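Q: Listed here are the chains, written in short residue letters.
Number of protein chains: 2
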Amino acid sequence: MSFGFRVTHTDGRARRGVLTTAHGEVETPAFMPVGTQGAVKGVTNRDLEGLGAEILLSNTYHLYLRPGDDLIARRGGLHRFIGWTRPILTDSGGYQVFSLAARRTVDEEGTRFRSHLDGSAHLLTPEKAADIQAQLGSDIAMVLDECLAHPATSDATRHSMGRTLRWARRGRDCFLALREERGTGQAQFGIVQGGVYPELREESARETVALGFEAYAIGGLSVGEPVDVMYDIVSHTTRFLPEDRPRYLMGTGTPEDLVESAARGIDLFDCVLPTRNARNGQLFTSEGRINIKNARYAEDDRPPDPACGCYTCRTASRAYLRHLFLAGEINAATLNTLHNLNFYLDTMRRIRDAIAFGRFERFRLAFHQSFSRQPVDS
Amino acid sequence: MSFGFRVTHTDGRARRGVLTTAHGEVETPAFMPVGTQGAVKGVTNRDLEGLGAEILLSNTYHLYLRPGDDLIARRGGLHRFIGWTRPILTDSGGYQVFSLAARRTVDEEGTRFRSHLDGSAHLLTPEKAADIQAQLGSDIAMVLDECLAHPATSDATRHSMGRTLRWARRGRDCFLALREERGTGQAQFGIVQGGVYPELREESARETVALGFEAYAIGGLSVGEPVDVMYDIVSHTTRFLPEDRPRYLMGTGTPEDLVESAARGIDLFDCVLPTRNARNGQLFTSEGRINIKNARYAEDDRPPDPACGCYTCRTASRAYLRHLFLAGEINAATLNTLHNLNFYLDTMRRIRDAIAFGRFERFRLAFHQSFSRQPVDS
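Respectively, the protein sequence lines represent chains X and H.
Each residue of the first sequence is one higher than the one before, starting from 1 at the first, in the working numbering.
Each residue of the second sequence is one higher than the one before, starting from 379 at the first, in the working numbering.
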């Protein structure tokens with residue numbers, strides 16, 4: 001089975017669809033839990049399957065450094081290595097190099113950096129990013145782009161966007177050659193950059209689409225810009241992306257962001273928020289965020305979210321979760337993560353259903369009315 | 379339902395039976411996973427149920443200090459607080475005070491100590507230990523005994539044994555009064571001490587049994603004495619314990635210890651070994667111990683134990699588990715713990731079946747032939 005995408009319902013600019021990959025189908029809009037090092041922190045694959053996760057994201061930078069893409073290729077690829085039989089998307093490694101690596105320098109060839117693990121020297125080029133991801137055998141590979149710090153001037157953003165486009169051409173050429181050679185069903189997504197500048201976003205989108213990727217992502221958002229600017233850029237950029245290809249908003253976001261971006265035609269999301277916040281004791285509930293450390297929960301026998309049916313909410317009280325968190329128990333991470341991922345995946349199910357039944361606007365309004373922007377317990 | 383015990387099969391001195399508690403039945407010989415702070419580290423209650431764990435041990439000292447037995451009592455007791463519907467045994471807190479607390483002094487009244495968490499001052503008496511456990515509402519409470527450091531002279535051991543007996547009488551009286559008052563089905567086990575001295579063990583056993591507990595534990599072993607001495611003391615002590623009551627060997631032990639102690643008439647075990655070693659990367663397999671950190675596993679596609687059918691062995695290779703461990707992933711703890719607990723619980727199932735079919739000696743021999751005393755990969 002090779003890559004495909006089919007829009008099954010639209011409601012305003014929101015779309016419901018089905019993504020087809022070499023490892024099965026994904027209903028969209030979809031949220032991808034992040035398994036940075038080949039595992040989603042705190043939950044097992046069977047937990048993820050139980051939650052209904054249909055696709056995972058894994059990080060090329062981490063896996064390249066440890067255990068190494070060669071080792072994973074010798075194991076039969078990432079799916080077999082980590083025991084996950086459904087679709088996997090891998091990022092290009094560019095963002096992680098940008099945010100984690102030491103002594104990083106970028107030139108036209110690529111990015112030179114030192115590993116954050118052992119200081120070893122590496123060079124990540126568009127070709128190398130394609131090669132590593134071919135070795136991992138993910139269903140969806142991302143092309144290497146240049147990550148720009150926010151805020152950036154229009155000139156700096158244009159300059160960087162130009163490099164991203166040149167890298168996109170090199171990355172695409174290399175990807176196509178590798179796919180031909182290996183005969184795999186891997187797809188590659190291009191990435192639209194252009195910062196907070198609408199005209200650059202349009203230019204980047206048009207030129208990236210001209211390169212003919214299987215689908216397109218919007219990068220360089222959720223990096224510190226105001227949320228309304230992000231929504232405007234998403235709204236603007238999707239207008240220049242083909243209707244018949246999935247659109248992936250990278251590294252986003254909050255539950256509000258998922259709803260607002262789906263409203264603007266986004267089909268795929270990933271973010272560490274539900275998993276990372278779970279480990280820090282922040283839970284997403286139907287009414288908003290709560291912090292389970294809060295003393296007010298010491299004797300609270302209610303589940304984290306009385307409206308939720310996840311394993312955690314069926315079996316654990318706020319009092320117990322607070323105790324586990326304060327006691328430093330591993331189970332605090334597991335139970336909180338199960339709940340937060342369920343909240344995210346359930347929000348996507350509700351988005352998809354609302355689109356299918358033509359009542360997305362009503363859902364969106366109701367969501368914002370019940371889900372508080374401020375922590376419920378602050 | 380109140381406490382009961384029925385031996386269903388014997389084979390030599392080994393016994394198979396059924397323990398009845400207020401929260402259901404336990405097939406013996408049984409191993410109790412340790413949920414120190416009200417959670418077994420790295421696995422959820424549903425994981426434990428899936429593994430077939432029928433009874434948990436939880437630590438009175440930890441729960442008393444945090445979140446506090448009052449708070450747990452207000453939540454409806456430990457079962458409800460932690461969401462575990464099957465039997466729970468709680469220890470008396472004595473051993474944890476002995477091994478964890480600061481500035482500890484023992485006199486006839488009890489043990490004065492400072493909390494390892496916040497330095498607060500506490501006094502643990504036989505009455506207090508009974509009271510805390512009544513508040514927790516465990517199915518089986520342990521009487522407070524004095525823990526003696528190993529090695530100890532015969533005189534010191536006799537002196538301490540005497541105090542343990544006086545505490546046992548006080549603890550039993552208090553327990554009976556509390557049970558009468560509360561009308562619960564809680565049982566209380568007495569603890570035989572006497573160190574490595576057979577005549578003291580006999581005396582301690584006879585006098586403890588005379589106090590009329592629901593059942594009896596052997597304490598003060600697995601504290602550094604040679605393993606053969608431990609087996610001899612177990613063998614000797616069980617002769618003075620009633621046949622119709624379960625016998626619990628506290629804090630033991632290795633897989634070999636389980637088999638050898640069951641052979642000597644022990645019915646209940648607890649130990650942190652399978653869970654703690656899992657978190658340190660040591661796995662128990664049918665051939666013996668392996669350390670998953672070992673470089674030889676970097677490209678090993680076999681499951682941890684090819685003879686095992688647990689979730690971890692069905693889905694993860696040694697190479698993947700080594701990667702997760704080296705990467706510091708929470709899942710390393712979870713997957714390793716699932717496997718080690720399965721190994722322990724499966725060993726108990728095999729012991730029970732061997733007894734039922736009258737082939738315990740053959741099982742015991744085969745076990746020692748396949749399970750290496752030395753790490754397989756050392």
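It should be emphasised that the hints constitute simulated quantities derived from the structure, not laboratory data.
Mixed in with the good hints there might be a few duds.
To be verified - Take a look, some chain X residues computed to stay more than 12 Å from chain H by CB distance:
(1) Val7
(2) Thr10
(3) Ser286
(4) Gly288
(5) Arg349
(6) Arg362
As the list claims (entries may be wrong) - Cβ pair distances, simulated, as ranges:
(7) Gly430/H <-> Pro306/X: 47 to 53 Å
(8) Arg166/X <-> Gly430/H: 57 to 63 Å
(9) Gln752/H <-> Arg6/X: 55 to 61 Å
(10) Asn294/X <-> Gly497/H: 22 to 28 Å
Keep in mind it's a predicted model, so treat the numbers as computed, not measured.
Glycine included, each C-beta is placed from N, C-alpha and C at the ideal position.
Q: Would you list, in rising numerical order, the hints stated earlier that this structure does not obey?
A: Structure breaks hint 7 only.
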